[in-house]
Amino acid sequence: MELRRRGFIKLTGAGLAASTLGALGFGPSGEALAAAVRPFKLAATTETRNTCSYCAVACGILVYSAGDRAKNAKSNIIHIEGDPDHPVNRGTLCPKGSALLDVVHAPTRLEQPKYRAPGSNEFKPVSWDFALDRIARLMKHDRDANFIARNANGATVNRWLTTGMLAASASSTETAYLTWKTVRSMGMLIFDNQARV
Amino acid sequence: MTNTWQDIKNANVVLCMGGNAAEAHPCGFKWVIEAKIENRAKVIVVDPRFTRTASVADVYAPIRPGTDIAFLSGVIRLLLEKGAIQREYVRAYTNAGLIVREDFGFEEGLFTGYDEQGGSYDKSSWHYEVDDQGYAKVDDTWQHPRCVINLLRQHVDRYTPEMVSRICGTPQDKYLEVCELIASTAAPDKALTNLFALGWAQHSVGSQNIRTMAIVQLLLGNIGVAGGGMNALRGHSNIQGLTDVGLMSNLMPGYMTLPNDAETNFEQYMQTRQYKPLRPGQTSYWQNYRSFFVSFQKAIYGDAARADNDWAYDWLPKLDNDGYDILRAFEMMAKGEINGYICQGFNPLQSFPDRGKIRRALGNLKFLVVMDPLDTETSRFWQDFGPQNPSDPAKIQTEVFQLPTTCFAEENGSLINSARWMQWHWKATDGPGEARSDIWIMTGIFHRMREMYRKEGGAFPDPILNLSWNYTDPISPDPEELAKDMNGYTFTDLNDASGAVVLRAGQLLDNFGQLRDDGTTSSGCWIFTGCYTEKGNQMARRDASDPREQGIAPNWGWAWPANRRIMYNRASADPAGNPWNPAKPLIRWNGSHWVGIDVPDYGPTTKPSDGVGPFIMNTEGLGRLFALDQMVEGPFPEHYEPFESPVPNVLHPKVESNPVARVFADDRAAFGTASDFPYVATTYRLTEHFHVWTKHGRMNSILQPEEFVEIGETLAKEKGIEQGGWVRLTSKRGVVVCKAYVTKRIRPLTVNGGSTHVIGVPIHWGFTGQARKGYGANTLTPSVGDANSQTPEFKAFLVNIEKTRPPEPENAANA
Amino acid sequence: MPDLQSQDYIRRSASTLTPPSIRNHEQEVAKLIDVSRCIGCKACQSACMEWNDLRSEVGRFQGSYDNPMDLDPSTWTLMRFTEWENEQGNLEWLIRKDGCMHCEDPGCLKACPAPGAIVQYANGIVDFISANCIGCGYCIKGCPFDIPRINPVDRKSYKCTLCSDRVTAGLEPACVKACPTGAIMFGTKTDMTRWAGERIADLNSRGFQNAGLYDPPGVGGTHVMYVLHHADRPSLYAGLPDAPRISPLVGAWKGLFKPLALAGIAAAALAGFFHWVVVGRNEVQPEDDAEAQRLMRDSGEPK
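Sequences listed follow chains A, B and C, in order.
Residue 157 in my numbering is what sits at position 157 of the first sequence, and the numbering runs on without skipping anything.
Just add 1000 to the spot in the second sequence (first one is 1) and you have my numbering.
Just add 2000 to the spot in the third sequence (first one is 1) and you have my numbering.
Looking at chain A on its own, in the form it has when it is part of the complex (with noise of 0.2 Å):
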């Protein structure tokens, strides 16, 4: 219904027709209360116990998707709030943490793997086969090529310097296990996270 301000007049005859009709005992159905709150929106949605992945208070946080799990239906995060039970946050959450939902859906998330070619001026999809063998072919001529097995001295020190990592800071700790053990494994020194900023 399309209303501009112009129809103040049609408008106030409408509420005169309604509260007379009511006055004259037409009742609340003829005058159509239409009065109800708003449908609570987590009735049977599902709901996860999380951590916020901001700050290092690791707020709890339920997310409450749309969807039962059932198969055929493709679950979506609908909403996310504070963990009463949580000692901490006890509920509560940062403007951040309240936010999370509009992350979570940004329209900035990535959703295919992307490749920039050198000297290019765009990214373009590739398969996820395509990035992971060539990252790990770059990886392995970069690291053949430049492998210190020994220094100067003699002394085994088995280390590749020209390859680095930056690990992230909101990964879990299990990502972060893991990731040691196949950096330093290949003899990676330049590793740091976001601790030091």
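Don't read these hints as lab results, they were simulated from the structure.
A hint or two may mislead.
Unchecked claim - When the alpha-carbon atoms are kept at most 20 Å apart in a straight line, the in silico SDA-like pairs for lysine to any residue are as follows: (1) Lys-1366/B / Glu-122/A; (2) Lys-41/A / Ser-2164/C; (3) Lys-1427/B / Gly-67/A; (4) Lys-1607/B / Pro-1579/B; (5) Lys-1803/B / Gln-2062/C; (6) Lys-1744/B / Leu-2236/C; (7) Lys-124/A / Arg-134/A; (8) Lys-124/A / Asp-1392/B.
Take the given structure of chain A and dock chains B and C to it, following the hints.
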């Protein structure tokens, strides 16, 4: 944090300095408000700006960025002068009475042993006098002129209230008001907690900032007690976990350290890590270093780590310096010495100092791999985004891979919070599109490389080929299996003292005391042992019960080490084992055992009369007012100016700044001086944003849409800058054009007789996401780090500011 | 959606029928905003947007932390920041969460000419029933706190519902739950008033002699109350009215409207006059008659 978030409610005084807890950690800050309401606590804020934390404080004192050591050294001076220390605690639990070597000294800003050429110290004089058995000499009467407390008194004597005010710009009356409140917690039943973060860390003297406060807390008897401690509020959800697992340039899991070139074999490596007590009868976890190390090598190399190959010691890469930290890495990259770089959930173009240098450096790479849930600036460093990211892609030969990852809501796993709690979380849904977990991606790269090494051979493939990978799904290992790996297993039956079998071969270990150095146990991270036992995933526990309601919640998740919630809690009781504060006890000696609401940080049956110190990580068992050789700048903290400072160092003009900070030549050339850049700038977070992630979210972008800087009214008037008007902020390294917030919350400080203006620079803006495009604070910041940790000096540097016209598109938009 | 079973309305706009109100043995609720505990983090704003599925536009920085700059149809609550130097020369940063006060005597409801567009439940919540809203803007004029905002797209008026959907389901409002420092509390009005008393005593002991509760009698008290450190000067807090009351114009209008409407005489003309007074002149177009007919059908005239 030594204590828990909820424990803050037990404090009598809360000092927010070196951090802005209300804005950066709002939900943790609730416990400060709780302390105010339930415990009648007083809240102090010492900050260059009147922050949202200050808005609920009882006392606010301004301070010039980069002068916290002077401020706190002045506090120490006053505490000692007035005798406002918890004397019994200091005598029994700190090294106050230990006698320092005669050749130790301090003169004109330098401690003994300085080598000007190398820019480092020979630290041999920074030590105790020892007796024939190698134990430190003690004078418990504190009469000896060279006992630690007397040297400390002498060292801080220069930091008079006048001097503090002259250096820091803090008005003396405010400073003394703060001192008085701090001193009030010297009483045994009173506690002060301090909440700090990068406001102390991001300085060229960052670690010493924190140490100065640790000295204050030891003198007040506030370490190890309820409502006390040293509480570093860590900034990222799992930055504690990543540090614990050793994802840092010099670390291995559980704070073991990587070997260096000099440690050519395992025995040499162990020799330097051997625990040698400096007082009789002391104990330490580190006595078991060999067990931790061998168990770790068994965890990652399995059967390939054997006694006859020194547990594959040679397979660990050896360091030829103190570590390839981020500043060194980008220095190497800028020089073209690095070919490949992987950024896993990390956005260095926005996070590291001197953005121009970072952009140039990334362009020198042959390949860059970015794994992230979001479209980061780093992954698009090569693309031209106008003045916010000028670039000529045709000239950049870097191959770039942008790999989409899942986020917290889309995976299982644990995160470790600031209070060392390991909390398991559960996946709510799948990631979008083709997004994959970091575990899947790292495994994918690793398996491909291993296959190539298997087929083609190549440089030293042994550690790659032999890396243990016994996961049910080798393509995407289950986080639960990885967690069990870290917890560790026994390969043989384990018996207790009576010979009864405690654990069968193949079972998960209960605690790190069960680790062996003979290859019969494994543990991927010894401090985590106990987090995932035969009783199940302890990190998934969700029992919020809290004995005495004192903020421990021992059955919620699991805290390393050993589910201990308050570090050094032995110090909460007096030498005889009775709580200093009977109203808020943590543990006490019941005649045969240590009992209480927390797991004792002490031998559970070690008698008080045994004389074991409460700080069992230290070789003398005592809290260190004098740090021996543990800090690179000296055993006592000393005020050094930031590398860019508006004033000379009035204490010792010849040694202006940290004499042992590592500065690369090109970075030094990019330092500005006060004549060109007369104002002090400091960078920080706003509470509405988390770094540069949340600008990808609509709600956060609504709440803080656009880049701005904060300046005081006096400076704005001098410069003709209007409220909300456009300004051009410059440092020696770059330019930011943005809007100005003219505020009463920053006032000029009187420093060394002159007026110093501070400009605040929030950090959140870049060129991807929903918020308006911005230049980013790191366009301005200098590339120099704390001498101990290499944390960049983001909190104190020099800039100039001028009023400017709106940028062109703005003019068009306004027309 | 017709809701005939709630039976707990105590007021209904522009309505002469007695609303179903038998279920009135309900305790009144209140939200207490303790300004002295507020850190201005805007968690309440996030939580409000998130729960209510509201997103306004990404705005500009305009020289303060107030973002968006004002309430709007998608911004039902807003932190307003005031830098104030007190008599001792110390700075105070007064931060107030603005939004609907849920007045006991709601000016919006009294001014509203659309039947059932604004209701008040027995628990005290004043709710906009948007299906009935005609977008006239009288609620804005009637509100002593300048809260409701008209969405130019759908011509409906919007404001905080006190999360009536959550409260009905037994939960606290979204902003209350989120608030990190407990600056926003929710409960019965009796409990909130008692708790405010304790807070005021604490503030008194910290040197705020004029601390007090803001529960203005001019609107019969409110179901959103403030603890203020300077209760003697509410207007310090970004212009919180010192002594709010419903505009006398609204009183006059209500006094006249009902008898006139019942008599069925010239109500539209009077309303038109009133609209001209408060909003400005409207041009009546020829198609208005037809649309009025349609609206009357839509508004529930028996068929």
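Inset, instruction - Could you check the structure against the hints above and give me the numbers of any it violates, in ascending order? - result: When the structure is compared with the hints, none of them turns out to be violated.
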